[in-house]
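**Q** Protein chains in written order, with the numbering used here: chain W, 929 to 1463; chain C, 929 to 1463.
Just so you know, not all the hints are guaranteed correct.
What the hints assert, rightly or not - One side only, chain C facing chain W, incomplete, derived with CB under 10 Å:
| no. | residue |
| --- | --- |
| 1 | D943 |
| 2 | G946 |
| 3 | V974 |
| 4 | H986 |
| 5 | F987 |
| 6 | K1051 |
| 7 | G1134 |
| 8 | K1201 |
| 9 | S1263 |
| 10 | T1264 |
| 11 | Y1274 |
| 12 | E1291 |
| 13 | A1305 |
| 14 | R1309 |
| 15 | T1329 |
| 16 | R1451 |
Treat the hints as calculated values from the structure; they're not laboratory data.
Please read all numbers here as calculations on a predicted model, not as lab measurements.
Heads up, the beta-carbon is just placed ideally off N, CA and C, and yes, glycines get one too.
There are 2 protein chains.
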Amino acid sequence: MIKIALSQYNFWVGDINGNTEKIISAIDKVQKEKIDIIVFPELSIVGYPPQDLLLKKHFIIKNTEAIKKIASYTKDIIVIVGFVYNPPSSTDIYNACAFIHKGKILDIYNKLNLPNYGVFDEKRYFKPGKDISVYSFKGHSFTVNICEDIWRKDYVKLLLDKKLDFLINISASPFCMGKFPLRRDILSYAARQLDCFVFYCNLVGGQDDLIFDGGSMVLSCNGDVVKKAKRFKEDFITFNFPPSRMKSYPIKEFPSEASFEALSLGIKDYVRKNGFKKVVVGVSGGIDSAVVISLATLTLGRKNVYGLIMPSEYTSKSTFYDAKRVCENLRIKYSTISITPIFKTYLETLKIIFRDHPFDRTEENIQARIRGNILMAFSNRFGYLVLNTGNKSELSCGYCTLYGDMVGGFGVLSDIPKTLVYKLAHYINKRFKKTIIPYTIMKRSPSAELKPNQKDSDTLPPYHMLDPILKLYIEDNLSLDEIVKKGVKRRLAEQVIRMVDKNEYKRRQAPLGIKITPKAFGRDRHMPVTNNFSY
Amino acid sequence: MIKIALSQYNFWVGDINGNTEKIISAIDKVQKEKIDIIVFPELSIVGYPPQDLLLKKHFIIKNTEAIKKIASYTKDIIVIVGFVYNPPSSTDIYNACAFIHKGKILDIYNKLNLPNYGVFDEKRYFKPGKDISVYSFKGHSFTVNICEDIWRKDYVKLLLDKKLDFLINISASPFCMGKFPLRRDILSYAARQLDCFVFYCNLVGGQDDLIFDGGSMVLSCNGDVVKKAKRFKEDFITFNFPPSRMKSYPIKEFPSEASFEALSLGIKDYVRKNGFKKVVVGVSGGIDSAVVISLATLTLGRKNVYGLIMPSEYTSKSTFYDAKRVCENLRIKYSTISITPIFKTYLETLKIIFRDHPFDRTEENIQARIRGNILMAFSNRFGYLVLNTGNKSELSCGYCTLYGDMVGGFGVLSDIPKTLVYKLAHYINKRFKKTIIPYTIMKRSPSAELKPNQKDSDTLPPYHMLDPILKLYIEDNLSLDEIVKKGVKRRLAEQVIRMVDKNEYKRRQAPLGIKITPKAFGRDRHMPVTNNFSY
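Make a model of the complete structure from these sequences and hints.
**A** The structure is reproduced here in structure tokens:
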């Protein structure tokens, strides 16, 4: 019998020392137990994705020293761990997996399939491996592979004649909605094709825009999930192979719950890994900021969250009251600062050049930017991270003010369509069994309140119509004609596409935001700003 | 004799219709002349780099229709043109070169070597080609290849036994300082190794952060440049092969001149390709804004440039006077707007939460952000593009205010180290034979003037010491130890590295800026924000 442990840990990008210590202490702990094989995720030593740190020679050297140090601590146990392999006297590097036993690196597997699409850019750094290693241990044969490998059917085919008893896949597979059941399907396919067990060890933690959601699992030969780890949390699971008896676990994902967990982990890890403790949020009385400050408070604790309510002469009483209600429901500290005197001084000052031009989006933006300045001043003075509250629908259409409501170190809702923001609000109230987010906020028509009686719907189509069009255009990359064929009115589709295209420049300066959908902005979607292609 | 024309044109990303028309009208024009082969740059049809437009199926289809349309216009002439090749009933795409003659695409060459480093990400989109084509025409044999191909010695080796009379390389090779003579060396090596002529046709134009500098050339078998096109401008050159007699041209680049030309083209193309006509610049009386507004005026004309002088109580008289002098020397319109009343209103408003905390960087940033707001308000009202004036030294160290002096649609000096900013200032005065930029500006110690008697040198090392350290760290990717070995004091090197690392979050929200050095920020350098690696 072989006892295998999957260490679903939160490794930090760049933190070679910290990650190495974490690995060594895990090995230390299990060496006394009857564990045979301990598995760590892809690139555990350097964190994932290390990006251009990989171009620093001394970074690679430190990583190599780290894997040797880990080897020196390894006794009877087998350690399977991801690192960067740099063959002696070569400048090539590989996304690799070390097979360590009795103080030595006995074998190194180099990832064959390097993902280079969406958020992935592994071909920028790594050479692909060429060989598969099959190991034999206690009469059982197994192989190791890395993340993308197992997603490729042609790779699975390569293993068909290897007569494996099990395989170990180490991954750093980022979250997006729907990926968890998809992963199960992919792993299940491999298990069934190869008639072997699959041990899947995934990374957990937030890294800039990416959330690694864990969810490590063991699958039996018939593709059933027979053991699973937690999601969005560190976990450590063990499994005896071959098992004496097995239970099968369902794999389900609920969009509101999964996005809540992902956003929560995203906030927590961005805040702590960047040396912050506290955050400040501009609370408008609208749904976006209500959801963000609730998420932040539920994640970081009420003492670590501050609300800034910044009403103007265009803020309705009910909105203002709701903003206060959210803060009070959460029992966080907050201040109210009217932007009116500052706004009036701007208007007075700019009279010289603006003369008697009528009020337009210029004055709207000035107000949004005053709020941005106040939020940043608060951040500068007290060291709080500003959480940005913009959602994906408005970011897509450019319905937001650069340097205004677009300020902040981290965009919590950047990849959350407005319709999902509402679902999250309901989910939060339901999950915590109280009205954190007042239902009046959910019912009120969305408004930026930058001029009298303004409504989002003056400028944008209703969100329940907008969001599906955005999905077709941004996630599915459809043309205007194809979108029209899906039943969208041509004029409406055209209007939406134009807004998305012409606002690329704004998104280029947007804060980092948490990826939730299959196609986020940022590193997931590389669009030129200067672009004369239409539809 | 074969007459070959190199069409060094400015193609626009995404503008398939416009680019196609441009190609067709060039073909039309030369079909009556005795041109045998007309050459267009890499990916002329779609512009370079098309980025994720390549993921849209209908974009690829339009590109395919375009190349067919071009073929249908082609009579006796041979057309060599870059496009995206999508083989029938395949989803693969190639960075390809069409060989068109008498209405037909007779051959397609697929780029063998896909660059995927620095600013390049061709492996995200393209499959590499497998075959080399050798053509025979009027008793001469030649091949075509694409950009990166010719930079690889192993590729040149593949051609050794092909007995070529000449080769044609179509490129979209972006500018950085020193690349022009390097290109000559690379092409010269190929010419000498293969004992053949080299026809090099490069793209020209600005595309977001990238400047394609043209500089197409013809090299003889012994590696001499025997014909060259203009740099930073469209050009069309012809060459008779074999030539009856040859002249050899030197290839030289002067850093100030080259960066002036690159910045000028960058401004011009960003402005016009994004539908702007006019720009506005915040003029502080310092060297950065003086250089930017001079560049803008010399490029766009004085009627298209507006200066905003925004003094505060910390602005010295001499600085203020210099700001006005620059605008007057350039004969542009400008306004003076004091930020003091707005600043005072902010202080008054924020008293509630700031209480009697002493003046610190919070108040400094508030001032910078007031200026940012005013610039953006001007842009919103009058439709002027805001040019950002931050230089690479301060962007590296984070010595700049996010949403303050970091506002703007386009960063003219983002990749220009401060020491080069001074050289550019001298160059501008010399080139235009008058004192556009007052020498008092060049002589005054740099200051942000956000508090009394502030100097850049209070926070940063002197620029003549800082810039070389930044180069070692950012361009050369050296470790702390390696930088110290180059003769830099450890404490100083540490201080600089720390500043660079911890300000990645600011750069993430910086405007697009023009790449000038071998390693710019932005798409050239993918560093994680959350990063626990040090030195």
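**Q** All hints, please: hold or fail.
**A** Hint check:
1. Against a cut-off of 10 Å between C-beta atoms, the interface hint on D943/C holds, since the closest Cβ of chain W lies about 4 Å away.
2. For G946/C, the interface hint holds, the least distance from its beta-carbon to any beta-carbon of chain W being 7 Å, beneath 10 Å.
3. Because the beta carbon of V974/C sits about 8 Å from the nearest beta carbon in chain W, less than 10 Å, this interface hint is met.
4. Interface hint status for H986/C: upheld, as the beta-carbon distance to the closest one in chain W is roughly 4 Å, under 10 Å.
5. The closest approach between the C-beta of F987/C and any C-beta of chain W is roughly 6 Å, which is under the 10 Å cut-off, so the hint is satisfied.
6. About 4 Å separates the beta-carbon of K1051/C from the nearest beta-carbon of chain W, less than 10 Å, and the hint is met.
7. Annotation: G1134/C was flagged as interfacial toward chain W, and the flag holds, the nearest CB pair being 8 Å apart, inside 10 Å.
8. With a least beta-carbon distance of about 5 Å to chain W, the hint placing K1201/C at the interface is held under the 10 Å criterion.
9. The criterion of a C-beta within 10 Å of any C-beta in chain W is met by S1263/C, whose closest approach is roughly 5 Å, and the hint holds.
10. Annotation: interface hint on T1264/C holds; nearest CB of chain W at approximately 9 Å, less than 10 Å.
11. Interface hint status for Y1274/C: upheld, as the beta-carbon distance to the closest one in chain W is roughly 6 Å, under 10 Å.
12. Among the interface hints, the one on E1291/C holds; its C-beta lies about 8 Å from the nearest C-beta in chain W, closer than the 10 Å criterion.
13. This hint holds: A1305/C has a C-beta 5 Å from the nearest C-beta of chain W, less than the 10 Å allowed.
14. A least Cβ separation of about 4 Å between R1309/C and chain W falls short of the 10 Å threshold, and the interface hint therefore holds.
15. Nearest Cβ of chain W to the Cβ of T1329/C: about 9 Å, under the 10 Å cut. The hint holds.
16. Below 10 Å, beta-carbon pairs count as interface contacts, and R1451/C has one with chain W at about 8 Å; its hint therefore holds.
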